[in-house]
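Q: Please model the complete structure; the sequences and the hints are all you need to start from.
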Amino acid sequence: MSTDSVEQLLQCALSELTERYVTHSHPVPAGLLEALDEDSRRGARELARRIRARQERNRSEGQRLRHLLKFEVELWEQGLTHVAGVDEAGMAPLAGPVVAAAAVLPKGYRLKGLDDSKKIIDAEKREELAVAIKRDAVAWAVGRAEVEEIDRINIYHAGLLAMRRAVEGLGLRPDFVLVDARKIPECPSPQRGIIKGDTLSMSIAAASILAKTTRDRLMAELDTQYPGYGLAAHKGYPTPQHVQALKEKGVLPIHRRSFAPVREALGLGPASTPSAVQTELFPAMPSPTTKP
Numbered sequence: 001m002s003t004d005s006v007e008q009l010l011q012c013a014l015s016e017l018t019e020r021y022v023t024h025s026h027p028v029p030a031g032l033l034e035a036l037d038e039d040s041r042r043g044a045r046e047l048a049r050r051i052r053a054r055q056e057r058n059r060s061e062g063q064r065l066r067h068l069l070k071f072e073v074e075l076w077e078q079g080l081t082h083v084a085g086v087d088e089a090g091m092a093p094l095a096g097p098v099v100a101a102a103a104v105l106p107k108g109y110r111l112k113g114l115d116d117s118k119k120i121i122d123a124e125k126r127e128e129l130a131v132a133i134k135r136d137a138v139a140w141a142v143g144r145a146e147v148e149e150i151d152r153i154n155i156y157h158a159g160l161l162a163m164r165r166a167v168e169g170l171g172l173r174p175d176f177v178l179v180d181a182r183k184i185p186e187c188p189s190p191q192r193g194i195i196k197g198d199t200l201s202m203s204i205a206a207a208s209i210l211a212k213t214t215r216d217r218l219m220a221e222l223d224t225q226y227p228g229y230g231l232a233a234h235k236g237y238p239t240p241q242h243v244q245a246l247k248e249k250g251v252l253p254i255h256r257r258s259f260a261p262v263r264e265a266l267g268l269g270p271a272s273t274p275s276a277v278q279t280e281l282f283p284a285m286p287s288p289t290t291k292p
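So the sequence shown is residues 1 to 292, counted in this note's numbering.
A portion of the hints provided could be inaccurate.
The calculated EDC-like cross-link candidates involving lysine to aspartate or glutamate, where the alpha carbons are at most 16 Å apart (straight line), are [claimed, not checked]:
(1) K134 / E149
(2) K112 / E56
(3) K112 / E61
(4) K118 / D216
(5) K196 / D116
(6) K112 / E127
(7) K107 / D136
(8) K107 / E56
(9) K107 / E74
(10) K119 / E61
(11) K125 / D216
(12) K183 / E168
(13) K112 / E124
(14) K107 / E77
(15) K196 / E186
(16) K249 / D223
(17) K112 / D136
(18) K247 / E221
(19) K249 / E264
Keep in mind that the hints were calculated from the coordinates and are not lab data.
All values derive from a computational prediction rather than experimental measurement.
A: Here it is in structure tokens:
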């Protein structure tokens, strides 16, 4: 861009330049930052600082997203086009199904802000990302395992069942499947389990967003069906509010009867064959008379 054009930009209000180059991240014309640095207005120099900070954030985000595609790029370079990421949500709650999702992203796909759903605290931001993933994905699907299945086969295997159903629901057979931390029994495609995969793979991160937002919406719907338990707030997790509601209001059909806090509310003892995962989620508390 010519010097004259930069001079014309300097005639614009600083609020307009801020909107253009900070808020909307438009490309910055050559010479503009240097011109702002030399401007006598303190606001102009502050704008130059803010633009540089935005550029640095964009560079860092670009690097982060490139790193998130490491596993996918390796597979794409082998000619495996349809790489599915799979993750679940809802292993620890006392109520509701466990939900899994699978997502096949386009080659080279990058979505600003996409990360493990647990790192994105803002529910509205998670929903925005879910909308973008569903719009852009080559294929996506969710699967679930119901409370009755969780109680029958235990939460660990129910999570795997939900994952398998998500993969089967894609409408295509993936060339390869990347899974967070485990492997899916009877998976129709070759697969790899990646420890902390939702923080290391963009496809798994996308699946974690879809699983989390799907389950959160479901729990909000169940909250209207079963008011007074706070399901929309705690999503079925064993918060003090939820445990107290169990004691005061009783156990609902959507509560997992193989989980210790629910069995306690029912006046039942430990399950005859407790899941190792369920035991880990809810370890037995020592009695007051137990010596250290």
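Q: Tell me, which hint numbers fail for this structure?
A: 1, 8, 15, 18
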